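Enquirer: With the sequences and hints as input, model every part of the structure.
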Amino acid sequence: MQTVLFHSTIFGPIHSRRLGTSLGVNLSPTDGKVCSFDCLYCEAGFNAQGPGTSGLPPRAAVRQMLEQKLSSMKQAGEPLDVITFSGNGEPTLHPDFPGIIDDTIELRDKYFPNVSISVLSNSTRIDRPAVCDALRKVDNNILKLDSAITGTMRLIDRPTSPDFSSEKVIDQLAQFGNQCIVQTMMLRGSHNGQPVDNTTPQEIDALIEAYRRIKPKEVMLYSLDRKTPEQALVKVEKPELEQIADKIRAAGIAVQVS
Numbered sequence: 001m002q003t004v005l006f007h008s009t010i011f012g013p014i015h016s017r018r019l020g021t022s023l024g025v026n027l028s029p030t031d032g033k034v035c036s037f038d039c040l041y042c043e044a045g046f047n048a049q050g051p052g053t054s055g056l057p058p059r060a061a062v063r064q065m066l067e068q069k070l071s072s073m074k075q076a077g078e079p080l081d082v083i084t085f086s087g088n089g090e091p092t093l094h095p096d097f098p099g100i101i102d103d104t105i106e107l108r109d110k111y112f113p114n115v116s117i118s119v120l121s122n123s124t125r126i127d128r129p130a131v132c133d134a135l136r137k138v139d140n141n142i143l144k145l146d147s148a149i150t151g152t153m154r155l156i157d158r159p160t161s162p163d164f165s166s167e168k169v170i171d172q173l174a175q176f177g178n179q180c181i182v183q184t185m186m187l188r189g190s191h192n193g194q195p196v197d198n199t200t201p202q203e204i205d206a207l208i209e210a211y212r213r214i215k216p217k218e219v220m221l222y223s224l225d226r227k228t229p230e231q232a233l234v235k236v237e238k239p240e241l242e243q244i245a246d247k248i249r250a251a252g253i254a255v256q257v258s
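Numbering (the working numbering), first residue to last: 1 to 258.
If you are wondering where the hints come from, they were derived from the structure by calculation, not from laboratory data.
Don't take each hint at face value.
To be verified - Within a straight-line C-alpha distance of at most 30 angstroms, the following computed DSS-like cross-link-like pairs (lysine-lysine) qualify:
(1) K168 - K137
(2) K235 - K217
(3) K137 - K74
(4) K235 - K168
(5) K110 - K238
(6) K235 - K247
(7) K238 - K227
(8) K215 - K235
Stated by the list, open to error - So the derived label-pair ranges between C-beta atoms look like this:
(9) R136 - E78: 27 to 33 angstroms
(10) A61 - A250: 46 to 52 angstroms
(11) A61 - S190: 37 to 43 angstroms
Note that the structure is predicted; figures quoted are calculated from it, not measured.
C-beta atoms are modelled at their ideal positions from N, C-alpha and C, and glycine is treated no differently.
Expert: Below, the structure written as structure tokens:
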């Protein structure tokens, strides 16, 4: 079974194809996965691997480890573009997520004031005011919308809540407007014999309508780049992604393809 990617709370820096030189912050366990989605394409594997035994890192420990890393990078003159919250699950599930964001802003300002802070979130917790307030404080509030059609979204992302729908999350995303970046994974293939494809004309038209409603700062379109737990998925190559992006741009929405 494919398992977690990150075995530490602070990892990298690594090169992100979307964000540059990125220092990662993993608020999930270092030996398991905790997520409110169970995506077919998740590089950290399926939730069935379990949450492990390490637990969520305490806020104080995150601050201490992050400060140690930033301080050492500063002293060594190492370059840094962004501090990115991602890892082995959904970062906003951490009960101290808002406080950790405050700590990160303070440490960023102390050591690397020109560096951005990014959060990669699956959008499942943006119905919580404290999470929304924290996300509004970061430079890149990157929120997921893989399909504007609930059936397709539930097939690809497999949310753990039976009530989570594309209609609800689009309404919630619209509260951010240009304070968010919407990230959409484009793919096709199958799962358990069922076709999976969010690149059809119907899917693209629905996404464009959703982007129009949300009015994000930008849309990030991307496709598979690493091994996925569902092996019957197919990468959408960059020329096709650019064709999809052009349709979205024609609706007046900025798009980044990676």
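Enquirer: Check each numbered hint from earlier against the structure, then list the numbers of those it violates in ascending order.
Expert: 5
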